[in-house]
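Asks: Sequence:
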Amino acid sequence: MRSPLLPIFLTVFVDVLGLTLILPLLPYYAKDYGASDFQVGLLTSVYAIAMFISGPILGRISDRVGRKPVLLASQLGTLIGWLVLAFSPSLEMLFVGRIISGLTAGNLSTAQAYISDVTKANEERTQAFGFFGIAFGLGFVLGPGITGLLTKSFADHADKLAKYRAPTLTAAGLSLLAILLTVFLLRPSKPAVRQSVTGRSSALVQFFTRPRTRALLGQFFLFSVSFAGLTGGLALYLQHNFQFGVEEASMIFGLSGFIGALVQGGLRKLAKKFGEERLAMVGLGSMAAGYFFLGPARHIAMLLVLVVVGSFGAAVVRPSLTTLITKAVAEEEQGSVLGVSQSLGSLAQAMGPAATTWLIGRDQITLFGVFCGGFSLLGCIVAAWRDRTDGIANQAHAEG
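Under our numbering, think of the first position of the sequence shown as 135, with each following residue one higher.
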């Protein structure tokens, strides 16, 4: 690993750790304020909608002024969002906290753009995104575990919301740590001023008029709907199907993160042997298989197997598609295309959890799995179609 990347991986790890402290907690926190299952999904959706609005703007700004200032601004917004969430007196303020976090949620896409800046060779970039995934996965391993410990420690506190506020304040503290890491350890990446800067609408048009980027971004969107629907509805699914509380749900999220970190540790070798295109297709197939059968799962052993299979798939897909997307555009467009991909991911996060929590709230547990698995399957179909059209185009070029 090159030295310029170590600070960004530490920053990503700390950011994700804070995020995953809240992930298994938020549905239970909201329900104590009287939220319905659908409103629980909306808490994720409003965050994603805010991120959809801000994503391309932050990507464009980072192309102009550099990655580090945008990363710092995003981390500061995340800190404020966690504090609002921790001291929220009502369900409405929970929504305000999520909107603030969403509007400034440029941390991960800016970190990805930074990685693209400081890596050159395709293999090196794939490895770097693999390490990014490890940092992401380790956050998923430790964050839910810490949440489980904190909620258990504060379960008997006089303030019944203390068990929720303790992890949220911990997340705020981690955001402050991420800011300090960025200020003191992260070096600016490459030139602050880039040549090609486009607005969100023109960027969308620009990238979607190119067959390869259109297919890759479409594939990323389908993956994101599937994954966001699963993660947004998983805690409620566990509560409805297995009567799990925060501690048990945190363990399932932690298992998912552990599998992700384990897989991504060997991603470079996998990418070198099979290529990102094939890995993305296999990963989407694994997600489809793991998610489809969640509905009929009635035994914990089956649940664990499905979580492992689905988590393996998601761990392979995200870095593979991210690498393919950045390789498909010019260097000066990488910030913009990652901003567009984040916006598509945000749109997916708005759709997925709203749909899956609505289904779970109506006891349509089988359809919850079908929804998540179905979008992964569609992603496989797009991947197969893209490989076929790329092959035809290459053959025509060779014959011409």
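Since the hints were derived computationally from the structure, they do not count as laboratory data. The model shown is predicted, which means the values in this text are computed figures rather than measured ones. No residue lacks a Cβ here, since even glycine has one placed at the ideal position from N, Cα and C. Some clues are possibly wrong.
[As the list claims (entries may be wrong)] Once the Cα atoms are required to be at most 30 angstroms apart in a straight line, the calculated BS3-like pairs of lysine-lysine come out as:
1) Lys407 <-> Lys202
2) Lys294 <-> Lys165
3) Lys286 <-> Lys202
[What the hints assert, rightly or not] Estimated spans, in silico, between C-beta atoms of each pair:
4) Gln377 <-> Gly307: 40 to 46 angstroms
5) Ser224 <-> His291: 29 to 35 angstroms
6) Val317 <-> Phe221: 23 to 29 angstroms
7) Ser224 <-> Ile191: 41 to 47 angstroms
Asks: CA of Lys286 to CA of Lys202, is that 30 angstroms or under?
Replies: The hint is violated at about 37 angstroms.
Asks: Using the beta carbons of Ser224 and His291, state whether their distance is inside 29 to 35 angstroms or not.
Replies: violated (20 angstroms)
Asks: Per the hint of 23 to 29 angstroms, is the separation of the Cβ atoms of Val317 and Phe221 within bounds?
Replies: holds (25 angstroms)
Asks: Check whether the Cα positions of Lys407 and Lys202 lie no farther apart than 30 angstroms.
Replies: violated (34 angstroms)
Asks: Evaluate the given range 40 to 46 angstroms for the C-beta pair formed by Gln377 and Gly307.
Replies: violated (32 angstroms)
Asks: Decide if the proposed pair is consistent with the structure: Lys294 and Lys165, CA atoms, cutoff 30 angstroms inclusive.
Replies: holds (13 angstroms)
Asks: CB of Ser224 to CB of Ile191, is that within 41 to 47 angstroms?
Replies: violated (29 angstroms)
Hint violations for this structure: numbers 1, 3, 4, 5, 7, all remaining hints satisfied.
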